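Novice: Spelled out, the chains give:
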Amino acid sequence: MFLRRRLAFFAGVVAAGALFSAAACGGGDDEAAPAEGVKASGTLDFVVWSYSIETIQDNIKRFEKANPAIQIKLADHSWFDYHDIMATKFTSGNAPDVAYSSDHWLREWVAAGWLEPIDERCPQLAQYKGEWAPYAAEGMTLDDKLYGVPYYADLVIFIYNDQMVKQAGFSGPPQTLAELQQQAVAMKQKGIAQYPINIPMKKDDPWAIEFVYSMVYGDGGSMFNKENEPVFNEPGSQAEKVLQFLADARNKSKISDPAMLEMAEPDVVKAMGAGRHAFTILAKYNLAELNLGQHKQRGNFKMALMPGSTHSTVGFVRFYSLGKGAVDQGDAAVKASCKFMNYFGGKTGGQYKVMKRWALEKGLGFANLPLYDDPQVQQAINKWGDVALERKQAQLARVKEGLTPWWGAWDIYAREQIHAAILGRSTPKQALQKMADRWEQLRKQHGG
Amino acid sequence: MAVATATRPAKRFRRSSLYTWGTILPVLALVSLFTLFPFVYAAVNSTRQRILTIPYHQPFVGLENYREVISSDTFGVAVRNTLVFALLTVPTVTALGLGVALLLNQRVRGFGVLVALVLLPWSIPLVSAGIMWRLLLHGNFGSLNGLLMQLGIIDSYVPWLSDPDKAMGAVAMAHVWREFPLPTILFLAGLQTITPEILEAAWLDRATAWQRFRYVTLPLLKAPLLIVLVYETMIAVSVFDLVYVLTGGGPGTSTTLFSWYAYTATFKFLNLGQGAALSFLMTAALLIVIVIYMRLIRLREESA
Chain W
0 MFLRRRLAFF
10 AGVVAAGALF
20 SAAACGGGDD
30 EAAPAEGVKA
40 SGTLDFVVWS
50 YSIETIQDNI
60 KRFEKANPAI
70 QIKLADHSWF
80 DYHDIMATKF
90 TSGNAPDVAY
100 SSDHWLREWV
110 AAGWLEPIDE
120 RCPQLAQYKG
130 EWAPYAAEGM
140 TLDDKLYGVP
150 YYADLVIFIY
160 NDQMVKQAGF
170 SGPPQTLAEL
180 QQQAVAMKQK
190 GIAQYPINIP
200 MKKDDPWAIE
210 FVYSMVYGDG
220 GSMFNKENEP
230 VFNEPGSQAE
240 KVLQFLADAR
250 NKSKISDPAM
260 LEMAEPDVVK
270 AMGAGRHAFT
280 ILAKYNLAEL
290 NLGQHKQRGN
300 FKMALMPGST
310 HSTVGFVRFY
320 SLGKGAVDQG
330 DAAVKASCKF
340 MNYFGGKTGG
350 QYKVMKRWAL
360 EKGLGFANLP
370 LYDDPQVQQA
380 INKWGDVALE
390 RKQAQLARVK
400 EGLTPWWGAW
410 DIYAREQIHA
420 AILGRSTPKQ
430 ALQKMADRWE
440 QLRKQHGG
Chain S
0 MAVATATRPA
10 KRFRRSSLYT
20 WGTILPVLAL
30 VSLFTLFPFV
40 YAAVNSTRQR
50 ILTIPYHQPF
60 VGLENYREVI
70 SSDTFGVAVR
80 NTLVFALLTV
90 PTVTALGLGV
100 ALLLNQRVRG
110 FGVLVALVLL
120 PWSIPLVSAG
130 IMWRLLLHGN
140 FGSLNGLLMQ
150 LGIIDSYVPW
160 LSDPDKAMGA
170 VAMAHVWREF
180 PLPTILFLAG
190 LQTITPEILE
200 AAWLDRATAW
210 QRFRYVTLPL
220 LKAPLLIVLV
230 YETMIAVSVF
240 DLVYVLTGGG
250 PGTSTTLFSW
260 YAYTATFKFL
270 NLGQGAALSF
280 LMTAALLIVI
290 VIYMRLIRLR
300 EESA
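Sequence order for the protein chains is W and S. Following numbering that gives the first Met the number 0, the numbering of the first sequence begins with 0 at its first residue and continues without gaps. Following numbering that gives the first Met the number 0, the numbering of the second sequence begins with 0 at its first residue and continues without gaps.
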């Protein structure tokens, strides 16, 4: 009897606990514009990854001064953990109002119901579309709906140390992967650099796959076709050649740093700046840091078109997105978020003030093409880069292929296989086939 | 009258029962909320297809999640890596802890300071320890490489964390450094309960130092030894923070342990069903290990 009572009691506790699991999913309203008479006000949660926080905080102060009814609570997280932390926030009901997002996460986050389209809710933002670079507009649009305004848009570029190239006896940067190998071998033999090549390939760095994509694009290759089917695993594909190049560079000719598999973007920038390497592939804003920052080799770095037959590369966009949090709070929060996004990603007083500031102070690229005609921006870029070459590379830039709701999950697996290929633990062909098999598995899971 | 007398103890029992349940109910509810509820919720998740990018289709799939993770290529890798990691670290931590405890038991001058120094690694948060070891072991600017270069032991920097053959050893080394203080303290406490007369008697019987240790000290340390073995095995199987900070499970999958696999399934692949299934499999494995340990120790006691 006593035992029965005990069991009944515990069953009741379990049932009570189970009730908590019935999460009432609020929000998810239709994409109606906020009501007319509602004022933009409230406190907004703004989540970013950790880059130049003091600049963001200063921009926020200026926004708050101009909009005293709106307060901003800023939270930042490491870029390496950003995706996982945002997944936790959104799933636990702690969705931010405005957050950084990226083209490669857009489909995943929209499929999960975490982001809201802004066409109807923030019509004033959609007007900027016509001034954006095509790869940027494409990166923020899904099923003809716009999901954000640019924080920055940039290119993955090939960077080389001009002084080291000349020291090795070459007149200019390599134009193909074969020339890259040739120049790197020469540098190693002459003792200019033990490992002339270093490309950040740290496993938990979301950049890694973008660098591989850019090398494939550079040689005229593709990763997926228009139907989002893998083509990287086809015999003799550019992807196979790129992985073979990276594997040989590490294991045979030993011209690439074996530590690159544990190095992320900041590590490689430091190592390049110290003169340990001559060639790398990085996001373009790093060229500004290398030439203007406190580095032994500052001023010696130049950009070159991505080595390969077509010199194409990856163009990407990181953007301000409207999170579920704002919609759940109501129209006042939505209007406040739209005002905030307009200040940061749009025009104030007829100028892209925040975007221009990022370009002038940090060398961040921008989606808004009119900024290229701004003499101040041109002058700033030419201090560390080459505006003409940058525009040429931008014309050859392509959006990452295969962006689907399961691309993020596939990316994690792909990085493991890329490592295996570079380490020589599997052949490039085997690695790419495994990546294709995982793609198909995820596609079936998602009913694709 | 007899009936009235009989009901009084029953009433008292009911009142006392109500009082008992009433006082412990709030605590029980809290404990249930934070232990029982997550357990049940995870169990339910493990039998459903719960993929965050498919939020409107979460059917019951029975044991399909378990089947999928067990048949995945990463599962075999994770199990093998976890076994290797446990085999590397558990005996090392145990032996090192016992060795240091034996030294500390000599009661030298500055004993208190030595104990504090020994405890230092354990007082450092795991993430901080991981960051510290990552800087030490970095293949490009790590101070370990710098030291070895200066001593002439190596002629070029070693990529400790990006060489698959070395990365596991590097993570194990960081783990052993962080974990050995606890066994040291447990063994030291055990050693201090051994009366000196027993060891003196063994010495008088002309037992060597090794014989005294093997036949007198070690049997008397059975209780702390069991605790250390069980605890350190649990920690080795479930270690996460160091892997997260040092290698992210890489290079490739060379340091992908079971706990890391469960984490990536949940937070990177956004597959809560498979993540929950992996967590239950890990729990089951740990329970089996604990039962085996306890049986082994009990068998030894019985044969002695």
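Simulated from the structure, these hints should not be mistaken for laboratory data. Fair warning: this is a prediction, and the values are worked out from it, not measured in the lab. Do not rely on the hints blindly, as some may be mistaken.
[To be verified] Partial selection, computed: residues in chain S whose CB lies under 8 Å from chain W: (1) 53; (2) 134; (3) 138; (4) 237.
Glycine included, every Cβ here is placed at the ideal spot set by N, Cα and C.
Novice: With reference to the structure, classify each hint as holding or not holding.
Specialist: To see whether the hints hold, each was checked on the structure:
1. At a threshold of 8 Å, the smallest CB-CB gap from residue 53 of chain S to chain W is about 6 Å, leaving the interface hint in force.
2. Hint status for residue 134 of chain S relative to chain W: violated, with the closest Cβ pair at about 11 Å, above 8 Å.
3. A least Cβ separation of about 3 Å between residue 138 of chain S and chain W falls short of the 8 Å threshold, and the interface hint therefore holds.
4. Annotation: residue 237 of chain S was flagged as interfacial toward chain W, and the flag is violated, the nearest CB pair being 18 Å apart, outside 8 Å.
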